[in-house]
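Undergrad: Spelled out, the chains give:
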Amino acid sequence: MTDSNPRSSAPAEDTAANRQGIKIVGFLCNWCSYGGADTAGVCRFKQPTDLRVVRIPCTGRMDPLFIAKSLIYGVDGVLVSGCHPRDCHYAVGNFYARRRMEAFKAFLPFMGIDTRRFKYTWVSASEGQQWQKVVTEFSEQIHMLGPNPGVELRSGEILKVSSGLK
Amino acid sequence: MLETDRNQLHKCVEEALPELDMMIGWTRCDPLQTTPVFIRDAKSISSLTLGPFCSQNLAGYLVKPPALDAPPKPDAKPIGICVKGCDSRSLVALIQEKFITRQRVRIFGIPCGGTVDWRKVARHVELGSVKSADVQDRVLVIEDSTTTHRIALEEVLSRKCLGCRHPNPVISDVLIGAEVSPRSTGMETSYRDVDELDAKPLEERLAFWQSELDRCIRCYACRNACPLCVCQDRCIVETREPRWLTQHVGVPEKFLFHFIHAMHLAGRCTGCGECERVCPMDIPVTLIKEKLNKIMEEMLGYSAGLDPEAVPPLLTFNPGETEI
Amino acid sequence: MAVKIFIAADRLDSVLEKLSTKIDLWIPALLKDDKSGPTGFVQYTPGITPAFDRQTTMPLKKLLLPQEETLLRFKYQKDPEGSLKTTIALDDPKEARPTLVFGARSCDVRALVTLDRVFANGPYVDPYYVQRRKNTLFATLVCGQTDSKCFCSSVGGGPADMEGSHLRIVRLEDGYLVEALSKDAQPLLADLAEAPDKSRDQLAAKLVKEASKRQVGDLDTKDCAPAFRNRFQQNDYWASMVSQCLSCGVCTYVCPTCYCFSITDETRNLEGERLRSWDSCMFYHYTLEASGHNPRPTKLERYRNRVGHKFSYIPERYEGLLGCCGCGRCIRSCPVNIDIRQVVGNLKENSNEQ
Numbered sequence: 001m002t003d004s005n006p007r008s009s010a011p012a013e014d015t016a017a018n019r020q021g022i023k024i025v026g027f028l029c030n031w032c033s034y035g036g037a038d039t040a041g042v043c044r045f046k047q048p049t050d051l052r053v054v055r056i057p058c059t060g061r062m063d064p065l066f067i068a069k070s071l072i073y074g075v076d077g078v079l080v081s082g083c084h085p086r087d088c089h090y091a092v093g094n095f096y097a098r099r100r101m102e103a104f105k106a107f108l109p110f111m112g113i114d115t116r117r118f119k120y121t122w123v124s125a126s127e128g129q130q131w132q133k134v135v136t137e138f139s140e141q142i143h144m145l146g147p148n149p150g151v152e153l154r155s156g157e158i159l160k161v162s163s164g165l166k
Numbered sequence: 001m002l003e004t005d006r007n008q009l010h011k012c013v014e015e016a017l018p019e020l021d022m023m024i025g026w027t028r029c030d031p032l033q034t035t036p037v038f039i040r041d042a043k044s045i046s047s048l049t050l051g052p053f054c055s056q057n058l059a060g061y062l063v064k065p066p067a068l069d070a071p072p073k074p075d076a077k078p079i080g081i082c083v084k085g086c087d088s089r090s091l092v093a094l095i096q097e098k099f100i101t102r103q104r105v106r107i108f109g110i111p112c113g114g115t116v117d118w119r120k121v122a123r124h125v126e127l128g129s130v131k132s133a134d135v136q137d138r139v140l141v142i143e144d145s146t147t148t149h150r151i152a153l154e155e156v157l158s159r160k161c162l163g164c165r166h167p168n169p170v171i172s173d174v175l176i177g178a179e180v181s182p183r184s185t186g187m188e189t190s191y192r193d194v195d196e197l198d199a200k201p202l203e204e205r206l207a208f209w210q211s212e213l214d215r216c217i218r219c220y221a222c223r224n225a226c227p228l229c230v231c232q233d234r235c236i237v238e239t240r241e242p243r244w245l246t247q248h249v250g251v252p253e254k255f256l257f258h259f260i261h262a263m264h265l266a267g268r269c270t271g272c273g274e275c276e277r278v279c280p281m282d283i284p285v286t287l288i289k290e291k292l293n294k295i296m297e298e299m300l301g302y303s304a305g306l307d308p309e310a311v312p313p314l315l316t317f318n319p320g321e322t323e324i
Numbered sequence: 001m002a003v004k005i006f007i008a009a010d011r012l013d014s015v016l017e018k019l020s021t022k023i024d025l026w027i028p029a030l031l032k033d034d035k036s037g038p039t040g041f042v043q044y045t046p047g048i049t050p051a052f053d054r055q056t057t058m059p060l061k062k063l064l065l066p067q068e069e070t071l072l073r074f075k076y077q078k079d080p081e082g083s084l085k086t087t088i089a090l091d092d093p094k095e096a097r098p099t100l101v102f103g104a105r106s107c108d109v110r111a112l113v114t115l116d117r118v119f120a121n122g123p124y125v126d127p128y129y130v131q132r133r134k135n136t137l138f139a140t141l142v143c144g145q146t147d148s149k150c151f152c153s154s155v156g157g158g159p160a161d162m163e164g165s166h167l168r169i170v171r172l173e174d175g176y177l178v179e180a181l182s183k184d185a186q187p188l189l190a191d192l193a194e195a196p197d198k199s200r201d202q203l204a205a206k207l208v209k210e211a212s213k214r215q216v217g218d219l220d221t222k223d224c225a226p227a228f229r230n231r232f233q234q235n236d237y238w239a240s241m242v243s244q245c246l247s248c249g250v251c252t253y254v255c256p257t258c259y260c261f262s263i264t265d266e267t268r269n270l271e272g273e274r275l276r277s278w279d280s281c282m283f284y285h286y287t288l289e290a291s292g293h294n295p296r297p298t299k300l301e302r303y304r305n306r307v308g309h310k311f312s313y314i315p316e317r318y319e320g321l322l323g324c325c326g327c328g329r330c331i332r333s334c335p336v337n338i339d340i341r342q343v344v345g346n347l348k349e350n351s352n353e354q
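Residue numbers (our numbering), protein chains in the order written: chain W, 1 to 166; chain A, 1 to 324; chain D, 1 to 354.
Worth double-checking, as some hints may not be accurate.
[Stated by the list, open to error] Here are the simulated EDC-like pairs of lysine to aspartate or glutamate, each with C-alpha atoms no more than 20 Å apart in a straight line:
no.	chain 1	residue 1	chain 2	residue 2
1	W	Lys105	A	Asp282
2	D	Lys32	A	Glu204
3	D	Lys35	A	Glu155
4	D	Lys4	D	Asp174
5	D	Lys94	D	Glu68
6	D	Lys35	A	Asp282
7	D	Lys32	A	Glu3
8	A	Lys43	A	Glu3
9	D	Lys348	D	Asp236
10	A	Lys64	D	Asp174
11	A	Lys120	D	Asp33
12	W	Lys105	A	Asp195
13	D	Lys35	A	Glu126
14	W	Lys105	A	Glu3
15	A	Lys200	D	Asp33
16	W	Lys105	A	Glu155
17	A	Lys200	W	Asp114
18	A	Lys43	D	Glu349
[To be verified] Computed spacing ranges between beta-carbons, pair by pair:
no.	chain 1	residue 1	chain 2	residue 2	range
19	A	Thr316	W	Gln47	32 to 38 Å
20	A	Thr189	D	Leu72	31 to 37 Å
21	D	Ser212	A	Glu188	56 to 62 Å
22	A	Lys131	D	Arg268	35 to 41 Å
23	D	Ala239	A	Pro308	26 to 32 Å
24	A	Val141	D	Thr45	55 to 61 Å
25	A	Ala76	W	Glu152	33 to 39 Å
26	A	Pro308	W	Arg116	48 to 54 Å
27	D	Phe232	A	Thr147	44 to 50 Å
28	A	Lys131	D	Ala9	55 to 61 Å
29	A	Ala199	D	Arg11	56 to 62 Å
30	A	Lys200	D	Ser199	48 to 54 Å
Keep in mind that the hints were calculated from the coordinates and are not lab data.
Where a beta carbon is used, it is the ideal one built from N, C-alpha and C, also for glycine.
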């Protein structure tokens, strides 16, 4: 949904989750969580199907604005997962990421966006089971929250909220 | 008092000007407002002014033309600049991030009792008819063609000034006038507006920002006025590759633009309030950054623009902080 | 058939409501819950707060040139071989609905003279603009604003100038006297309110007369074009005038006569649309070329272009018509208080000295 590239829109599978229209974007580090998700798949662990995975080279590449753009345009949940602290392939990428994402998590609700729609976690390549747990829990949480209302105003609506600012 | 300070400023600049490449200051252009002025000629020094109408933060001009027409030569003369307390923090932030060197600037620090927000003045008088304006003993005295209005300065101060903790320049070569005591000393008073909005339910916060940001016309004045928005012509909100924003005028675009602005200033914003001051649609843009500043202060104990040696918190890390 | 009506102040809302059932009605209104806050033209719905007492922050050009407008839509369709085949569906200009702008000011309406020359009077006619232009009527307030930033008389207008207006509104102490100036506006006034009594009618006539005598602004705009050409290459002049410019788009976005636009294709998944949206010559990207070269690399060239466009290029192309309506919005909204009157006024001062 966030992608403007015409080539990347594969038709969604007809599953219960898709019928409900829940979309979760996962940004997974190439060196660990992406492998972890793969491990979970190879081991045939049952996983929810509403996660769309974007592979990133390191959580250090994770710009909080990826999350902002996703949530603003109505993606229902964003999951970021990378290497455990001190296990970063590039030594320090996830340390930077941790600060950014913590700050962003605290900032989101101020703008009126439910912070529960965003989660970040650490999963290594061998932790297939852990991945299954993380993604199942997060997916359940997003289903509980329901579709993301986004920030768009209904057409023609003029809102005038008194700011109370001095 | 203002008169004495102005004379002192003129005298100091006059002495310093031969050693300077240029002097950046304010000049009165309207009873209630000033405009930035770039002085190379001793004749123009008398136009320099200071005081509560000098609302612009001049620090940004150091990283944009005309100060930065070309990369400075090694033997370039320093640039003189007038700064209020909040402006000086922007200077420190620019020094921290190595956009300018300390030697490159000659800082004329001006302790500041707050600046006048003309929008608030407009609640009391019709701006177009103002003939003269002056501040005497914390009272704004305005004359129009028929009457003299007396408004308490408190009522017309810019919002950022109400919770100001650093009215005195944190860095300066020359101090003009006497230091003033800060209006606020702690987080409770500095982030009052943030806390008030935070106390509302999530839906109300969303509705608030929807209604505020809906007015945004994407003129990008907030970005261009920001002394720390150093990307300028390379800003990702306008580049086509990568393509972050469309040309649609919907609220999502406006949200994303302000997210971009805010996140790129996280841990860097010094709270000078320029973004809010310049907004033609009167959107409380600074409030967004105030929230991030508060997070930085609570989470990482950091306030931007106080220590030239410090590293902005999102440009560094600490492996030990398992629970931030 | 009524040609003049009097709307008592306390009946204004009900009259507007009635008017809005006849025609799409746009009025100047507060955009924020603050009586001195920003204002703009919005479509009337009962309960909105009109702002007739001062000029709006935003001009009315968005009614004729929306900030965003879809010119056509397109869709990619995959063919069986797997490569992308493009089909394009064209969107005709939407049928414009009859619209009345109630409470514009003479500068706002006068700005349309400039826009008409560009978009409607050929040689290239813009069907989107023309559609809306033809269907929009203007009820214009005789302006009582005495603002130090206004200069409408200097650029050919005036507080009571009714060029391009269909109705005239005179603000009296206890209400509004509305008079139809053109035939197509007359039916609008039917059954809205009573005709004015004689004293009010005379008072209104007197106010109009006074307003038309009022001289607003003292900028000398004669022979700006040659003066501008003289100054064109004097970088020192432009540096001395606009070094403080932030290169933001405020002045162009609040300007009623600035019409520059950008066209972009916005694609999402397999569908997209071609958008026309406001652009500003104050932006770096406005003139950025594909090669990376930018003919107007700094704000000095960009600001010079803005002045040149309004006071030299447009007058030379359109028989002396100025590209400025003297509303003063760019002066009022400028974050660093650049005054275009100063920049234009000084064009002629000692221009050969430097």
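Undergrad: Does each hint hold? Answer for all of them.
TA: Each hint tested on the structure:
At roughly 27 Å between alpha-carbon atoms, W:Lys105 and A:Asp282 are farther apart than 20 Å, so this suggested pair is violated. Under the criterion of a C-alpha separation no larger than 20 Å, the hint pairing D:Lys32 with A:Glu204 is consistent with the structure, at around 16 Å. Between the alpha carbons of D:Lys35 and A:Glu155 the distance comes to roughly 16 Å, so the proposed pair stays at or under 20 Å and holds. A hinted pair counts as satisfied when its Cα atoms are at most 20 Å apart, and D:Lys4 with D:Asp174 qualifies at roughly 16 Å.
Restraint check for D:Lys94 and D:Glu68: satisfied, since their Cα atoms lie roughly 14 Å apart, inside the 20 Å limit. For the suggested pair D:Lys35 and A:Asp282, the alpha carbons sit about 12 Å apart, so the restraint of at most 20 Å is met. This hinted pair does not check out: D:Lys32 and A:Glu3 have alpha carbons roughly 38 Å apart, beyond 20 Å. Of the pairs offered as hints, the one joining A:Lys43 and A:Glu3 holds, with about 19 Å between alpha carbons and a cut-off of 20 Å not exceeded.
In summary, the hint linking D:Lys348 to D:Asp236 is supported, as the alpha carbons are separated by about 15 Å, within the 20 Å threshold. Distance check on the hinted pair: A:Lys64 and D:Asp174 sit about 53 Å apart at the alpha-carbon level, beyond 20 Å; violated. Among the hinted pairs, A:Lys120 with D:Asp33 is consistent with the structure: their alpha-carbon atoms are about 14 Å apart, no more than 20 Å. For the hint pairing W:Lys105 with A:Asp195, the CA-to-CA distance comes to about 17 Å; that is within 20 Å, so the pair holds.
Only pairs whose Cα atoms come within 20 Å are accepted, and D:Lys35 paired with A:Glu126 is accepted, the gap being roughly 12 Å. A hinted pair counts as satisfied when its Cα atoms are at most 20 Å apart, and W:Lys105 with A:Glu3 does not qualify at roughly 49 Å. Note on A:Lys200 and D:Asp33: the hinted pairing holds, with a Cα-Cα distance of about 18 Å set against a maximum of 20 Å. Restraint check for W:Lys105 and A:Glu155: not satisfied, since their Cα atoms lie roughly 35 Å apart, outside the 20 Å limit.
At roughly 13 Å between alpha-carbon atoms, A:Lys200 and W:Asp114 fall within 20 Å of each other, so this suggested pair holds. For a cut-off of 20 Å, the pair hint linking A:Lys43 to D:Glu349 stands: about 19 Å separates their Cα positions. For A:Thr316 and W:Gln47, the Cβ-Cβ distance of about 36 Å falls inside the hinted range of 32 to 38 Å, so the restraint holds. Restraint check, A:Thr189 to D:Leu72: a C-beta distance of roughly 55 Å breaks the suggested window 31 to 37 Å.
Roughly 58 Å separates the CB atoms of D:Ser212 and A:Glu188, a value that falls within the hinted 56 to 62 Å. The given range of 35 to 41 Å is broken by A:Lys131 and D:Arg268, whose C-beta atoms sit roughly 54 Å from each other. Checked against the hint of 26 to 32 Å, the pair D:Ala239 and A:Pro308 passes, with Cβ atoms roughly 31 Å apart. In this structure the hint that A:Val141 and D:Thr45 lie 55 to 61 Å apart at CB is violated, the actual value being about 42 Å.
Between A:Ala76 and W:Glu152 the beta carbon distance is about 50 Å. The supplied range of 33 to 39 Å is therefore violated. Distance hint for A:Pro308 and W:Arg116: a CB-CB separation of about 40 Å, inconsistent with the stated range 48 to 54 Å. In this structure the supplied range 44 to 50 Å holds for D:Phe232 paired with A:Thr147, their Cβ-Cβ distance being about 46 Å. A C-beta distance of roughly 30 Å is found between A:Lys131 and D:Ala9, which places it outside the suggested range of 55 to 61 Å.
For the pair A:Ala199 and D:Arg11, the beta carbons lie near 42 Å from each other, so the given range of 56 to 62 Å is not met. The beta-carbon spacing between A:Lys200 and D:Ser199, approximately 53 Å, falls within the hinted interval of 48 to 54 Å.
Figure legend: structure checked against the earlier numbered hints; hints not met, in rising order: 1, 7, 10, 14, 16, 20, 22, 24, 25, 26, 28 and 29.
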